[in-house]
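Here numbering that gives the first Met the number 0 is used: position 107 in the sequence shown is 106, and no number is missing along the way.
You may find that some hints are simply not true.
[Said to hold, decoys possible] Computed list of lysine to any residue pairs in SDA-like fashion (alpha-carbon distance at most 20 Å, straight line):
#1 LYS52 <-> GLY22
#2 LYS76 <-> SER43
#3 LYS55 <-> PRO30
#4 LYS70 <-> TYR100
#5 LYS89 <-> GLY63
#6 LYS76 <-> VAL40
#7 LYS70 <-> ILE80
#8 LYS45 <-> GLU103
#9 LYS55 <-> PHE32
#10 LYS89 <-> SER67
#11 LYS52 <-> ILE62
#12 LYS89 <-> ARG19
#13 LYS70 <-> THR98
#14 LYS76 <-> TYR100
#15 LYS55 <-> GLN82
#16 LYS52 <-> GLY63
No lab work stands behind these hints: they were computed from the structure.
Only a predicted model underlies this, so the values are computations on that prediction, with no experimental measurement involved.
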Amino acid sequence: MVVEQFHIEQEETNEAYILRVSGELDLSVVPQFRTVLGHVVNLSDKSLILNLKDLKYIDSTGIGIIVSVLKIRDGLKAPFIVQDIPPSVKRLFDLTGITGYLTEGTEN
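With the hints as constraints, model all of the structure from the sequences given.
If you want it as structure tokens, here you go:
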């Protein structure tokens with residue numbers, strides 16, 4: 000089995016901070032993910048977009064981080080959009096009950 004290396008690609012547009020996550024988001028890469036998020040999660044001047052199109056796996060730790068981002072962005076009244084959720088990840092989101100709290104979007 001090939002482990003998909005975790006990677007975050009960052010992009011800033013006039014409207015949004017976009018984080019494209021690929022590979023496997025689990026406990027081993029949480030520090031890396033938190034570092035990248037830390038730079039943009041509190042910036043309320045633009046939307047924060049998390050694109051999961053190439054995410055192969057997420058564990059409960061990764062889901063926990065998404066929940067904490069949701070809470071922070073909600074407190075700031077700042078948009079947080081999750082794009083292109085793969086079916087396997089969507090199923091986990093459904094099972095954990097966070098789907099109802101996510102704003103889903105598609106890539107423009």
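For each hint, the structure was consulted:
1. Between LYS52 and GLY22 the CA atoms are separated by roughly 10 Å; this keeps the pair inside 20 Å, and the hint holds.
2. For the hint pairing LYS76 with SER43, the CA-to-CA distance comes to about 8 Å; that is within 20 Å, so the pair holds.
3. With a C-alpha separation of about 18 Å, the suggested pair LYS55 and PRO30 falls inside the 20 Å cut-off, and the hint holds.
4. Of the pairs offered as hints, the one joining LYS70 and TYR100 holds, with about 10 Å between alpha carbons and a cut-off of 20 Å not exceeded.
5. Between LYS89 and GLY63, the direct Cα distance comes to roughly 15 Å. Compliance with the 20 Å bound is thereby established for this hinted pair.
6. At roughly 12 Å between alpha-carbon atoms, LYS76 and VAL40 fall within 20 Å of each other, so this suggested pair holds.
7. Our distance criterion of 20 Å between C-alpha atoms is met by LYS70 and ILE80, whose separation comes to about 13 Å.
8. Restraint check for LYS45 and GLU103: the C-alpha separation of about 16 Å stays at or below 20 Å, so the hint holds.
9. Straight-line distance between C-alpha atoms of LYS55 and PHE32 comes to about 15 Å, which keeps the hinted pair within the 20 Å bound.
10. Under the criterion of a C-alpha separation no larger than 20 Å, the hint pairing LYS89 with SER67 is consistent with the structure, at around 18 Å.
11. With a C-alpha separation of about 16 Å, the suggested pair LYS52 and ILE62 falls inside the 20 Å cut-off, and the hint holds.
12. Between the alpha carbons of LYS89 and ARG19 the distance comes to roughly 16 Å, so the proposed pair stays at or under 20 Å and holds.
13. Proximity of LYS70 to THR98 is assessed by CA-CA distance (about 14 Å); at most 20 Å being required, the pair is judged to hold.
14. Restraint check for LYS76 and TYR100: the C-alpha separation of about 14 Å stays at or below 20 Å, so the hint holds.
15. For the hint linking LYS55 to GLN82, the alpha-carbon distance of about 14 Å falls within 20 Å, and the restraint holds.
16. Restraint check for LYS52 and GLY63: the C-alpha separation of about 19 Å stays at or below 20 Å, so the hint holds.
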